[in-house]
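Chemist: Here the protein sequences line up with chains A and B, keeping their order. Per this note's numbering, residue 386 is the first one in the first sequence, and the count goes up by one each step. Per this note's numbering, residue 2 is the first one in the second sequence, and the count goes up by one each step.
One or more hints might be untrue.
Unchecked claim - Facing chain A, a subset of chain B residues (Cβ under 10 Å, in silico):
hint, residue
1, M69
2, Y71
3, V226
Everything labelled a hint here was simulated from the structure, so no lab data went into it. Built from N, CA and C at the ideal position, the CB exists for glycine as well.
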Amino acid sequence: MNAWRAWLPIGMTFLSAAAHAATEVGTVTLVDGGARVLRGATWYKLAPGVRVEEGDVFASSERAHVQLEFAAGTLANLGGNGALHVGLPEAKQLLLVLPSGWLKLAAKAPGVRLRTPALDVIMPEAIVVMHAQPATAELFVESGSAKLIPPAAPGADAAARDAKRGEFWTKAAALPPDVRTSPPKAFVDAMPRSFVDPLPVLAAKQKGTSELVVDREITYAEALPWLAGRDRAAFERRFAVRLRDPAFRKAAEADIARYPLWDRQLHPEKYAPKPAPAQ
Amino acid sequence: MKLIWKFNLVLLGIFVLGFLIAGYISYRALQTNAREEILQNARLMMESALSSRNYTTTQVKPLLETQMKYKFLPQSVPAYAATEQFNDLRKKHPDYTYKEATLNPSNLRNRATDWEADVVNGFRNTATTTETIGERDTPSGRALYLARPIQIKSGACLECHSTVDVAPKTMVDLYGPANGFGWKMDEVIGAQIVSVPMAVPIERANRTFTAFMGSLALVFVAIFVLLNVMLYTMVIRRVTHLAGIADQVSLGKMDAGEFKTTSKDEIGVLTEAMGRMKASLVQAMKMLEG
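Required output: the full structure, derived from the provided sequences and hints.
Modeler: Below, the structure is given as structure tokens:
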């Protein structure tokens, strides 16, 4: 019964190490206000010069700004109590996941795929401002063009819409994307003030790199949105290491039916081969 | 008529003539200078407004280009910048005005009034006219205005003012689609008009004129009095004295007095000569009696 518990730390360590073997894809060049990065299952304090790795999740507080500069020259500025996940590239395009918050993105070739709960945006070269919320997305195309794909659409390209320079798109759950010829005042007023200006290119001025300083481990409540999102399986594997924490494990146990991987680890007896019925 | 009256009449005539000529010349010069000063102020303000326009076009507008995609910022418009700069100046100098009077503006505060429209149409009808100067009455007094045409010479102007379709959406949202469109290259669409109050420089010129003429009058009066005193003491009193003795002598009163003098001037010489003549006359009379 207790044999799996002996192997659990080793397995967690292996998973954690695998998570840290991610590729560096960019640099944090601006941190203004309270911001941090989730690497593996640990929150780190953020500072300019930190290397961005695939899988990193950046979080900014209400008035904070975090700017990421990627290898191809793509700039992403996260603000307004937002979170941004740097995913694994899709079709050579950088994948960014924005579950909530404000993001100004200046995409350079080969482009970026930006995912929000309500809308996916593919842009080869464009500058956009995205405001994502759990059920809605608002997008202003400052320059260039983008392709909008409602995530629920079967066969993504079939439902794609082309968004052109100057257009403002909104997508609410269960409704088709709606377009306007200019951004509404409410959107502009709510947008982080600095987004009205071009994003500054700061990578060349960045001197050296900064080491991450551990803040704390992720809590179950903080992990929950990611565990309920479109990449839930990946995050379930990633946060498995936190099952060592009794508080985290206890909270996870309450919803264990939603986490088959964790259920298998925590309750292997449920998955053990059943003894053959006696003849 | 006595000599002093003749002298004073001539002197007064000369003084009055000189006073009038000096007054006319100085008044014209001071008024011309005052008007030149007003015009110079107007030109300086016009150049200041042009500098604001150029600064806005070359330095401010490029910085606001991205912001303009979200919200139209009139601060990026040269006319707005020049007008606002002047409005700030007007807090201390309320009588000075600057307006980019336009026949068909986006911002209706720039719409030309009747007399401004006449100025603009003057420029439109005479392409060679580059500046107009005039005077007009305003509630705060007479004012001089200096106007220069606003002519479309850059395609950048037409980005916002050719057609509604081409104009920035944020600008149309702010000002609407009804005004400020249809401008054409090389068209005179308005005029920069600087209005400068004339009262202060003219009042200053008048005060200077009054002070100058008052001083001149004082000098004339002083010269008039001095000349009269000198004429009386140096000529009239001595000639009157000589005439009195000569008159007595001519009547045979040889004891009327002596022609005495210590002066060596012309009257002194005359006095000595008359003294010698009297002495000769006395001697001749004695010879006749003897």
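Chemist: Looking back at the hints listed earlier, which ones does the structure fail to meet?
Modeler: 3
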